[in-house]
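Trainee: Build out the structure end to end from the sequences listed, making use of the hints.
One line per chain: the protein sequences are A and B, in this order. As numbered in numbering that gives the first Met the number 0, residues 0 to 231 make up the first sequence, in order. As numbered in numbering that gives the first Met the number 0, residues 0 to 227 make up the second sequence, in order.
Keep in mind the hints are simulated off the structure, nothing from the lab. Treat the numbers as computed from the prediction; the structure is a model and nothing was measured. Using N, Cα and C, we set each Cβ at its ideal position, and we do this for glycine too. Among the hints, erroneous ones may be present.
Claimed, not checked - Derived coverage of chain B by chain A (criterion: at least 3 residues anywhere in the stretch with Cβ under 8 Å from a Cβ of chain A; other residues may be distant):
{"no.": "1", "segment": "40 to 46"}
{"no.": "2", "segment": "86 to 99"}
{"no.": "3", "segment": "113 to 123"}
The primary structure of each chain is shown beneath.
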Amino acid sequence: MTEPKFYGAGFPYKKFKPKDMPGKLIVLEGTDGVGRSTQIQLLRTWLENEGFAVSDTGLKRSPLTQPGLDAAKLGNTLSPLTMSLFYATDFADRLENQIIPALEAGFYVLSDRYFYSTIARDVVRGANPDWARKLYGFALKPDIVFLLKSDVQTLVKRVVTGRGFDHWESGMDIHCADNLYDSFCIYQGALIEQFAALAKEFNFVEVDATRTPLVVHNDLKRKIRSKILAKS
Amino acid sequence: MEGIDGSGKSTQIDLLTKWLRKQGKPVYFSEWNSSELVKSTTRLGKSEKMFTPTSFSLLQSTDFAHRWENKILPMLKAGVIVLADRYSFTAFARDVARGVDPNWVRELYSFAVMPNLALYFRVPLDVAVKRILSSRAKIKYYEAGMDLGLSDDKKTSFKMFQQLVINQYDKMVDEFGFKVIDGAQSVESQQKEVRSAVQRILEGWEGLVMPLPKGNATPIAQQGGSHD
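Mentor: Below, the structure is given as structure tokens:
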């Protein structure tokens, strides 16, 4: 990251100087079950082998909001609006207290999703797309964002052989259908559409994630080599 | 009802509530920072001093959004007078005093309606500070704006922070058309002004017809919650 750039006003109470952030921010985006965490692990090992210090982060991992968000998700109190704002709080806390300090210390930060996922989810749940974007005016622009692309049928296969259908990942809170399977297909289909639009708007590097994990990994490695490592 | 800590607005709201209820009008009272949804997170953030201006702002907007959707909006739709001890303007004043972008925080709260009447209790800093310091044993860390690093002394920091908040409120008078009440006047004269302002906006308003309360007026709905 040569000079920190923000989508909006950033953090006006913090002054950043160019070269304040020698680290790199690499984001992996994509819907549920697309294989993001596997790829993050593989990238971490590879980058560490190359001699880089790596830090990773992901949605809902802020120590400030995690207990409260987990509790809220168990009940029926979280609406699309409060969910947007609560997740934005999580993101802000991680950005200021984990991601930025790590970048300042020269780390490669691997982010399992960024705010684009929450925008996609918010908009599918009826949020005003413009409002959802402005909410994240404090967000730092990453060095690169990969979109792991898949189709609903591939996601279904992963979910079936993995952790099973989840209430939130199936969009059951907005009653897409009367059962988890149909709801999952409708909801994830809508998310995939949102991601396609976001990819154009925010210049995501698209990666076909229906291939085996190792093939996807090699593809990511190659792209990081040419787009990030070659330039530092 | 807006104003800094110690501006006397809670006293005024209390008197107004009783006056409206006595007339048989349905009133719902809502307080800043009082929803169950984020209570534990707020407590954690405050006790561990984990907040940044941005995360503090976002969490309070989550709290407000929860009250907005579950209490304020349904009550308004039902034809109830909602009296809010602080509204989005509190966030615009405090969060901007803490350094967040003024437009960003306004956008954040754009899901909520503009109130029919916004009263701003303007009081000289010294008066408010004296009230707070004499009535409460200890000012809390964030109340004093200690997170801004203005001063190592809590009282000094509190004063400096409140001044920054006042500056923001003053800027909003024209922007949002606040009805300014001089908080240095006696309680009775303030209440007189408050009642006549409220009377004006209630002219011709029907709302939800409520039976007159028997004996002591009991609140039709009241939301508990910690003080801001």
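Trainee: Each hint needs a verdict: does it hold in this structure or not?
Mentor: Quick rundown of the hints versus the structure:
Counting residues of the segment 40 to 46 of chain B whose beta carbon lies closer than 8 Å to any beta carbon of chain A gives 3, which meets the minimum of three for the stated coverage. Note: the segment 86 to 99 of chain B has 3 residues with beta-carbon separation from chain A under 8 Å; the three-residue rule is met and the coverage holds. Coverage of the segment 113 to 123 of chain B by chain A is violated [criterion: at least 3 residues with CB-CB distance below 8 Å; count 0].
The structure is inconsistent with hint 3 alone, although it conforms to all the rest.
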